[in-house]
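Fit chain B to the given chain A structure using the hints.
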Amino acid sequence: MEINYRLKKYTFTTIIHLFLLVVAVSCIYPLLWMVFSSFKTQQTIFTNLSLIPERFRFENYYLVLTQENFGRYFLNSIFYTGSVVFSIIIIASLAGYAFSRLNFPGKNLIFIIFIGAMMIPTPGNFVPLYVLLNKLHLRNTPLGYILCMISGGLPLSIFLFKTFLDKMPQELEDIARIDGCSKLRIWWNIALPFAKPILGVVAIFNTLNVWNEYLLALVVFDSKHLMPLQRALVVFRGEYLTNYPLLMAALTITTLPVIVIYLLFQEYIVRGIVLK
Amino acid sequence: MEPNKVKSIRAWILLSGLFFLGCSPPEVREKRIVIWHWMTDRQPAFQELAERYQAQRGIQVDFQLYAPSEAYSQKVRAAAQGGNLPDIFGVLSEKRDFASLIKAGYILDLTPYMEEENFAWRNRFFPQALAVNKFSPDNTYGVNPGIYAVPIDMVAIAMVYNKNLLRKLGFNPSQPPQSFEEFLNLGRKIREEKLQGLVSGWGELWLIYCFAQNYAFNIMGKEKVLATIRGEVPYTDSAWIEVLRLFEEMKNSGIITNKVVSMVNKTAEQIFANEKAVFAFNGSWCVNVYKGMNPDLDYGIMLPPRISNRFPLLVWGGAGSSFMVNAHSPYREEAVKFLKWLTALEQQSYLVRKTNNLPAIKECREDLPQVLVDFSRLLEKSTHPNSWDVWELPLVNETLARGIQAIVLGKKTPQAVAQEVQRVKERELAKKSN
Numbered sequence: 013m014e015i016n017y018r019l020k021k022y023t024f025t026t027i028i029h030l031f032l033l034v035v036a037v038s039c040i041y042p043l044l045w046m047v048f049s050s051f052k053t054q055q056t057i058f059t060n061l062s063l064i065p066e067r068f069r070f071e072n073y074y075l076v077l078t079q080e081n082f083g084r085y086f087l088n089s090i091f092y093t094g095s096v097v098f099s100i101i102i103i104a105s106l107a108g109y110a111f112s113r114l115n116f117p118g119k120n121l122i123f124i125i126f127i128g129a130m131m132i133p134t135p136g137n138f139v140p141l142y143v144l145l146n147k148l149h150l151r152n153t154p155l156g157y158i159l160c161m162i163s164g165g166l167p168l169s170i171f172l173f174k175t176f177l178d179k180m181p182q183e184l185e186d187i188a189r190i191d192g193c194s195k196l197r198i199w200w201n202i203a204l205p206f207a208k209p210i211l212g213v214v215a216i217f218n219t220l221n222v223w224n225e226y227l228l229a230l231v232v233f234d235s236k237h238l239m240p241l242q243r244a245l246v247v248f249r250g251e252y253l254t255n256y257p258l259l260m261a262a263l264t265i266t267t268l269p270v271i272v273i274y275l276l277f278q279e280y281i282v283r284g285i286v287l288k
Numbered sequence: 113m114e115p116n117k118v119k120s121i122r123a124w125i126l127l128s129g130l131f132f133l134g135c136s137p138p139e140v141r142e143k144r145i146v147i148w149h150w151m152t153d154r155q156p157a158f159q160e161l162a163e164r165y166q167a168q169r170g171i172q173v174d175f176q177l178y179a180p181s182e183a184y185s186q187k188v189r190a191a192a193q194g195g196n197l198p199d200i201f202g203v204l205s206e207k208r209d210f211a212s213l214i215k216a217g218y219i220l221d222l223t224p225y226m227e228e229e230n231f232a233w234r235n236r237f238f239p240q241a242l243a244v245n246k247f248s249p250d251n252t253y254g255v256n257p258g259i260y261a262v263p264i265d266m267v268a269i270a271m272v273y274n275k276n277l278l279r280k281l282g283f284n285p286s287q288p289p290q291s292f293e294e295f296l297n298l299g300r301k302i303r304e305e306k307l308q309g310l311v312s313g314w315g316e317l318w319l320i321y322c323f324a325q326n327y328a329f330n331i332m333g334k335e336k337v338l339a340t341i342r343g344e345v346p347y348t349d350s351a352w353i354e355v356l357r358l359f360e361e362m363k364n365s366g367i368i369t370n371k372v373v374s375m376v377n378k379t380a381e382q383i384f385a386n387e388k389a390v391f392a393f394n395g396s397w398c399v400n401v402y403k404g405m406n407p408d409l410d411y412g413i414m415l416p417p418r419i420s421n422r423f424p425l426l427v428w429g430g431a432g433s434s435f436m437v438n439a440h441s442p443y444r445e446e447a448v449k450f451l452k453w454l455t456a457l458e459q460q461s462y463l464v465r466k467t468n469n470l471p472a473i474k475e476c477r478e479d480l481p482q483v484l485v486d487f488s489r490l491l492e493k494s495t496h497p498n499s500w501d502v503w504e505l506p507l508v509n510e511t512l513a514r515g516i517q518a519i520v521l522g523k524k525t526p527q528a529v530a531q532e533v534q535r536v537k538e539r540e541l542a543k544k545s546n
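Heads up: the sequence lines are chains A and B, in that order. 288 is the number that the working numbering gives the last residue of the first sequence; the numbers go up by one with no jumps. 546 is the number that the working numbering gives the last residue of the second sequence; the numbers go up by one with no jumps.
Same shape as in the complex, but just chain A (with noise of 0.2 Å):
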């Protein structure tokens, strides 16, 4: 009895243990394709069909890293994430502590359209965005990417934070308010800490969704020393013929600030996506 129950225990834990194996195999081997391809020439990626290179080639990111302003378009892009996060986790959070725990008129109303304005793609809003932005002299400011990329960020950060916050205890800000903080103190001390999981997902989204982001700051920007890091990339993509190695390199570059920021925040990101 008791050697049926190991076997069928371990029989299971083999099949499940496979199983993951597979799939984390199918989710790694494109990465390691990239990271291996950006050693190799553009004739043996085509040619050579075996995953590591017989010669590492580490002067395609010599290549890569002079070529194109690399470094600029890299710091735009950390500039760009960095304040479009910031922005809308300090928006998102006042806005969603807002729609939990207060009352004032047209609360739902207001919180409705912003959940609708989440299912606009941002495509769509090109050209108007565009004239608006013009109106303003704000196209080809970072001012003005910035203020697009905040809004398009905000509505699903709201929505998280607003969904997690309503299961804040309500005697947690009560015992605040009798110790005499102000609605703003309750969210810095109470509300916050308390949603440190979302917190970590709204960081993650929105840092992804911005520093993946190419055709909004095409469209607003003319200067190409706005540009994100992401117009590095293309360089590499010919009309016809596409730099394969060079590509990778520049891949696998962009890849690792979002690879640490995801390690930073691992553990909030799990217990958000757990606990939401």
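FYI, nobody ran anything at the bench for these hints, they're computed from the structure. The beta carbon of each residue, even a glycine, is placed where N, CA and C say it ideally should be. Where hints are given, some of them may not hold.
Stated by the list, open to error - Computed footprint of chain B on chain A, listed as stretches where at least three residues anywhere in the stretch have a Cβ under 8 Å from a Cβ of chain B:
1. 52-63
2. 142-148
3. 219-230
Stated by the list, open to error - Label pairs and their calculated CB-CB ranges:
4. A:I64 with B:Q166: 43 to 49 Å
5. A:E66 with B:P481: 29 to 35 Å
6. B:D410 with A:F68: 29 to 35 Å
7. B:Q166 with A:L121: 57 to 63 Å
8. B:Q193 with A:F68: 46 to 52 Å
9. A:N16 with B:R300: 56 to 62 Å
10. B:V485 with A:L77: 35 to 41 Å
11. A:I40 with B:Q193: 25 to 31 Å
Claimed, not checked - SDA-like cross-link-like pairs, simulated, lysine to any residue; straight-line CA separation at most 20 Å:
12. B:K378 with A:N224
13. A:K236 with B:D174
14. B:K280 with B:L409
15. B:K378 with A:N60
16. A:K236 with B:Q155
17. A:K147 with B:Q186
18. B:K378 with A:T59
19. B:K543 with B:L505
20. B:K466 with A:T254
21. A:K236 with B:S181
22. B:K403 with A:R249
23. B:K378 with A:W45
24. A:K236 with B:N196
25. B:K403 with A:S49
26. B:K403 with A:T56
27. B:K143 with A:S235
28. B:K378 with A:T56
29. B:K403 with A:L61
30. A:K236 with B:A183
31. A:K236 with B:E182
32. B:K275 with B:L415
33. B:K403 with A:T59
The following block gives chain B in isolation, referenced to the frame of chain A:
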């Protein structure tokens, strides 16, 4: 006042200040010609030419690259709405979109410049290259007749064949199949050798449509094809069914397999470059692509094998990249002068050497590598939808191409596809007339 209130007022003043600082004043641009384009692989060559122009004429030219092409089109559309188009730009869409920008007054009519000095500028170009940028007096777009863009290179779409594989199959590599029957016979041998026959990006529907139209010209002649587009001949006509049947025959002979209908052109190019396929249906841009993928690839250029001698088999050719001049640009005269300079022999030869594209001007032919010479010869047997004054409805094209995919997969008969296309055509025409 309470300290907290003072703090919040200060914060608001600071935030408002930051906002208004971010608003830049209206642009005041120094005298330079700004060009928007999407051609990533031509940017270094363009930059070099811009430097040469500045050295020769003292005018700064700024080639600004916006890729990929879909995003570029969005930018041009948005800039047109906002009145921010540059001095020179390209329009990357169908001729009716080009026409709508002309009608809105954004694009300068270049005819007077082309006709100066006894048509000197106009006569430089291959007629096929100019045809796609021209509107004839009886055009259906409602555009004033004239030439509205300057071609800088051209594309021809035809078949390429691998000489080594043809030799391996027992054929003379300098004599690829000329007739459709020879082509089908080759298919049986290809199947025996376990090679791939014809590869192409038929997952991208336009390439199927292009291939089918080549044979439509051969079977029924250009006039009847255009009459079909005008709605005067139905797609259920026996000539169209014959065109559709060719795909069934190619499938049965082994020239094409099911894989081709979902293949993207990048994959097809890779398969052909790796010498796994005997034929490919591709554009002249493939010269540069194959050079990058496999510099030792030995291949030749050919017309799709003819099925009939009654009408010429025409391939698509002529439409390449073109530049338009912004009609509202304060520097439009300088922009036209720059385009004249760019399309002169020296600059075109430089572009051909650097980019391996077909030149738009006739004089440049001597400078071409052999494969490009072969492609340029096909231009005499070419036409392009953008050079016609009628255009097929997009949904009809799509239905035809998807129908051909279904024929190759064995899911539909040529007759059924022809009926379906005709139904869509009638429905769309009825919608249009309402």
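query = Okay, B:Q166 versus A:L121 on CB: inside 57 to 63 Å?
reply = holds (58 Å)
**Asked** Are the Cα positions of B:K403 and A:T59 separated by 20 Å at most?
**Response** Holds, at about 13 Å.
message: Hint check: B:K378 vs A:N60, CA-CA at most 20 Å. Holds or violated?
response: Given that 20 Å is the threshold and the Cα spacing comes to 17 Å, the pair holds.
Please verify whether A:K236 and B:E182 have alpha carbons no more than 20 Å apart. holds (18 Å)
Does B:S181 lie within 20 Å of A:K236 when you go C-alpha to C-alpha? holds (17 Å)
Practice problem: Sort out whether A:S49 lies within 20 Å of B:K403, counting only the CA atoms. | Solution: Given that 20 Å is the threshold and the Cα spacing comes to 19 Å, the pair holds.
message: Just to be careful, I want the Cα atoms of A:K236 and B:N196 compared with a cutoff of 20 Å; is the pair within it?
response: Measuring from Cα to Cα gives roughly 16 Å; hence the hint holds.
### Message
Tell me whether the statement that chain B covers the segment 142-148 of chain A is true, taking a Cβ distance below 8 Å and needing three residues at minimum.
### Response
holds (count 4)
Between B:Q193 and A:F68, does the beta-carbon spacing fit 46 to 52 Å? holds (49 Å)
Q. Does the Cβ pair A:I40, B:Q193 satisfy 25 to 31 Å?
A. At 45 Å between Cβs, range violated.
*asked:* Against the 20 Å threshold, does the CA-CA distance of B:K280 and B:L409 hold or violate the hint?
replied: Within the cut-off at roughly 15 Å; holds.
(Q) Need the status of pair B:K403, A:R249: alpha-carbon distance at most 20 Å? (A) OK: B:K403 and A:R249 at ~16 Å, within 20 Å.
In terms of the numbered hints stated before, the structure departs from hints 11, 12, listed from lowest to highest.
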